[in-house]
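Undergrad: Listed below, chain by chain, are the residues.
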Amino acid sequence: MIRLLKKLLFVLPLFWGLQLFAQTIVVCSDCKINSIKEAITNAVAGDTILVKKGTYKEYNIVVDKPLTIKGENFPVIDGEDQGEIIRVVSDNVTIDGLFIINVGTSYTSDHAAIRVVRSENFLIQNVVLEKLFFGIYIEKSNNGKIYHNKVIGDAQDEYNSGNGIQLWYSKNIVVEQNIVQKVRDGIYLEFSDNIIINDNISTENLRYGLHFMFSNDDLYTNNTFENNGAGVAVMFSKRIKMLNNTFKKNWGTAAFGLLLKEINDAEIKDNVFEENTVAINIEGSNRVVYSGNDFISNGYAIKVLGACYTNTFEKNNFLYNSFDVSYHSKINDNVFHHNYWSSYTGYDLDKDGIGDVPYRPVKLFSYIVNKTPETIILMRSLFIDIIDFSEKVLPVFTPDNLLDMTPQIKRYNDKD
Amino acid sequence: MFKILKYIFFDLIRSRWSYVYLLFYLLLGAVLLFLNNDLSKAVITLMNVIIILVPLIGTLFGVMYYYNSKEFTELLLAQPIKRSSIFIGQYLGVALSLCMSLIIGLGIPFVLYGLFQSNEIWDFVLLLVTGTFLTLIFTALAFNIVLYNENKIKGFSYSILLWLFMAVIYDGLFLMSLIAFQSYPLDSFSIGATMFNPIDLSRILILLKLDISALLGYTGAVFKKFFGTGLGLFISIGALSLWVVLPVLNIYRKCRKKDF
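In order, the protein sequences belong to chains A and B. Going by numbering that gives the first Met the number 0, the first residue of the first sequence is number 0, and it counts up by one from there. Going by numbering that gives the first Met the number 0, the first residue of the second sequence is number 0, and it counts up by one from there.
Keep in mind that the hints were calculated from the coordinates and are not lab data. There could be a bad hint or two in this list.
Restricting the straight-line Cα-Cα distance to at most 25 angstroms, the calculated cross-link-like pairs of lysine-lysine (BS3-like) are [stated by the list, open to error]:
| # | chain 1 | residue 1 | chain 2 | residue 2 |
| --- | --- | --- | --- | --- |
| 1 | A | Lys268 | A | Lys248 |
| 2 | B | Lys223 | A | Lys248 |
| 3 | B | Lys40 | A | Lys409 |
| 4 | A | Lys248 | B | Lys224 |
| 5 | A | Lys370 | B | Lys223 |
| 6 | B | Lys69 | A | Lys247 |
| 7 | B | Lys253 | B | Lys2 |
| 8 | A | Lys370 | B | Lys224 |
| 9 | A | Lys350 | A | Lys370 |
| 10 | B | Lys224 | A | Lys247 |
| 11 | A | Lys391 | B | Lys40 |
| 12 | A | Lys247 | A | Lys329 |
| 13 | A | Lys181 | B | Lys69 |
| 14 | A | Lys181 | A | Lys144 |
| 15 | B | Lys223 | A | Lys247 |
| 16 | B | Lys69 | B | Lys151 |
| 17 | A | Lys329 | A | Lys314 |
| 18 | A | Lys64 | A | Lys51 |
| 19 | B | Lys151 | B | Lys224 |
| 20 | B | Lys40 | A | Lys248 |
Every beta carbon over 10 angstroms from chain A, so not counted as near; a handful from chain B, in silico [as the list claims (entries may be wrong)]:
| # | residue |
| --- | --- |
| 21 | Ile12 |
| 22 | Asn47 |
| 23 | Lys69 |
| 24 | Leu232 |
All C-beta atoms, glycine included, are put in the ideal place defined by N, C-alpha and C.
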């Protein structure tokens, strides 16, 4: 009891002290302080700056002390295409509820709506960004959270547009419930480890919905990637976990749902790939586990380009894809087992739910199309069906050990 | 001409084979819908069946009908009727009754299944249009064959050969030439080569509609332009119409000169 009292005696003044010193500075167009810059100059560490509704024409706002900048009813900060708008260079900064527009476009520096530089414990939430170059740019900053923001770009060309949310040399950051549209890369990670990306919706971006470069040990779950140049590109990264995401309608001449390049030890689980030209394009990826994914109505479900070893594909549903698996070489070191293939025609006499005849997912036609792309014009022709059948009986051109020895008779229904 | 058309048409729709053909499509449509529970999947499967089966039935039925009704034709020739109206009338009678079996046979199960409430209606209409085109084309080709061959055995073997060539052999040659010349730009060639085979044309037409266009456009600019825009649909339908018109014109030309 006495110990508790002592503790209280010690803690309570601390609270009072905070209450005494942390004050709220109100910014509005006809207040004493009518610009955010001025408010920051007047503020001391720990203060809250409350920005009232209105339009503030400001750019190059530098937040150099631990402050909370909070917008009321989404005040507009208009950068008038002059350059960067907010730069955070202090730890413990919170930015909440602002509407930032007109970030300047530059070919020499990456102007961002909000840039965080070498800072810890930041929180950026409920921010709406429009007419931007780069959206939220996190640079060498750790332990932050980017939560519930909306980034709506108007990118036309790849060379003069920026990314929605970009993390560069940053660690332990949570990116959650953001909506990113019409920028170059929706979310871009470079040299960023231990990032968690959840429940985001990234659509209609010019290049990738989500893009990893040299980033390890990241996790992304429950995101939706729709109608992007390519859904997600994961390149030169290790130990990435991709769970429960939806890759949809990444549909076009060079579009992928998921592009893997030089990826090792990743886990791709319970995702849905629907109507992509290529659902997963794999190159130089090893020890990746694909399980419980649904591949529905894609052009190619899995396209293996080469140098892919000891990958495992298990318990996936392959439904109505034009090509289930496409290989460029005759060598196979990957394992396919316990998948459901909608084009499987075998039988199950012993009724154990596993087909008695192995399934051969690589068709001869996919091999021919790889060699001579124009032959795709013969798709679904009777002649092609005949040669596919003969190849199935006696494989000559396709890897002969590429077999699903245990094809499922019924599809997995864990999602419904 | 219309009198003969009408006579042949009613003669045929009273015949057993028309009913068998109709029943076959009825059953096929119903079973597919029952098994798939999915209109678009059923349309794809039907496409595979139609582009192979319709030409076969068209050619065989055309040849068979001509040889069977040869005596009747000769009787008609003795009457003061224009030759072209006799033969074109016969051709249209056979082709239209086959088309009717196809449309009604496939239409009934799909309409009952709720086609009008679904988005697949245009895919299905396209399927029927290509089926109709194929019937018209292959019946006309069959009439061409029989007009040139009095010998029944020869006529039948040519018609089967024609079907085999169009359905299988052509694609084989096409594929081999594509592979042989793979180091050359082949976009225009492959589109051109499709135009010379009505079965390939119909296949492409349906593939386009079933959203595989992006996959087809995967390879090159010419493909992309052809398959990605309305141009592909327009040219394909144009070429199919040409495939109907040219053989019919030849029937018209040949039957006037032919000695009976």
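Undergrad: Now, for every hint given, state plainly whether the structure supports it.
TA: Each hint tested on the structure:
Between lysine 268 (chain A) and lysine 248 (chain A) the alpha-carbon distance is near 19 angstroms, which keeps this suggested pair within the 25 angstroms criterion. Taken as a hint, the lysine 223 (chain B) and lysine 248 (chain A) pair is honoured in the structure, with Cα atoms around 18 angstroms apart against an allowance of 25 angstroms. For the hint pairing lysine 40 (chain B) with lysine 409 (chain A), the CA-to-CA distance comes to about 18 angstroms; that is within 25 angstroms, so the pair holds. At roughly 20 angstroms between alpha-carbon atoms, lysine 248 (chain A) and lysine 224 (chain B) fall within 25 angstroms of each other, so this suggested pair holds.
For the proposed pair lysine 370 (chain A) and lysine 223 (chain B), the alpha carbon gap of about 19 angstroms is at most 25 angstroms, so the pair holds. About 60 angstroms separates the Cα atoms of lysine 69 (chain B) and lysine 247 (chain A), which puts this hinted pair outside 25 angstroms; it is violated. With a C-alpha separation of about 21 angstroms, the suggested pair lysine 253 (chain B) and lysine 2 (chain B) falls inside the 25 angstroms cut-off, and the hint holds. A threshold of 25 angstroms between alpha carbons decides the hint, and for lysine 370 (chain A) with lysine 224 (chain B) the separation of about 22 angstroms falls inside it, so the pair holds.
A threshold of 25 angstroms between alpha carbons decides the hint, and for lysine 350 (chain A) with lysine 370 (chain A) the separation of about 40 angstroms lies outside it, so the pair is violated. Straight-line distance between C-alpha atoms of lysine 224 (chain B) and lysine 247 (chain A) comes to about 24 angstroms, which keeps the hinted pair within the 25 angstroms bound. Of the supplied pair hints, the one linking lysine 391 (chain A) and lysine 40 (chain B) holds, its CA atoms being roughly 23 angstroms apart against a limit of 25 angstroms. A hinted pair counts as satisfied when its Cα atoms are at most 25 angstroms apart, and lysine 247 (chain A) with lysine 329 (chain A) does not qualify at roughly 30 angstroms.
Taking the CA atoms of lysine 181 (chain A) and lysine 69 (chain B), the gap is about 69 angstroms. The hint is violated against a cut of 25 angstroms. Between the alpha carbons of lysine 181 (chain A) and lysine 144 (chain A) the distance comes to roughly 22 angstroms, so the proposed pair stays at or under 25 angstroms and holds. As the CA atoms of lysine 223 (chain B) and lysine 247 (chain A) are separated by approximately 21 angstroms, the hinted pair is consistent with the 25 angstroms bound. Distance restraint check for lysine 69 (chain B) and lysine 151 (chain B): the Cα-Cα separation of roughly 11 angstroms lies within the 25 angstroms cut-off, and the hinted pair is therefore satisfied.
Our distance criterion of 25 angstroms between C-alpha atoms is met by lysine 329 (chain A) and lysine 314 (chain A), whose separation comes to about 24 angstroms. For the proposed pair lysine 64 (chain A) and lysine 51 (chain A), the alpha carbon gap of about 21 angstroms is at most 25 angstroms, so the pair holds. For a cut-off of 25 angstroms, the pair hint linking lysine 151 (chain B) to lysine 224 (chain B) is broken: about 46 angstroms separates their Cα positions. Between lysine 40 (chain B) and lysine 248 (chain A) the CA atoms are separated by roughly 18 angstroms; this keeps the pair inside 25 angstroms, and the hint holds.
Non-interface call for isoleucine 12 (chain B) relative to chain A: holds, since the shortest CB-CB distance, roughly 30 angstroms, exceeds 10 angstroms. The non-interface label for asparagine 47 (chain B) is inconsistent with chain A: the shortest C-beta to C-beta separation is roughly 7 angstroms, within 10 angstroms. Every Cβ of chain A is farther than 10 angstroms from the Cβ of lysine 69 (chain B); the closest lies at roughly 32 angstroms, confirming the non-interface assignment. Against chain A, the non-interface label of leucine 232 (chain B) holds: every CB pair exceeds 10 angstroms, the least being about 15 angstroms.
Violated hints, in rising order: 6, 9, 12, 13, 19, 22; the structure is consistent with all others.
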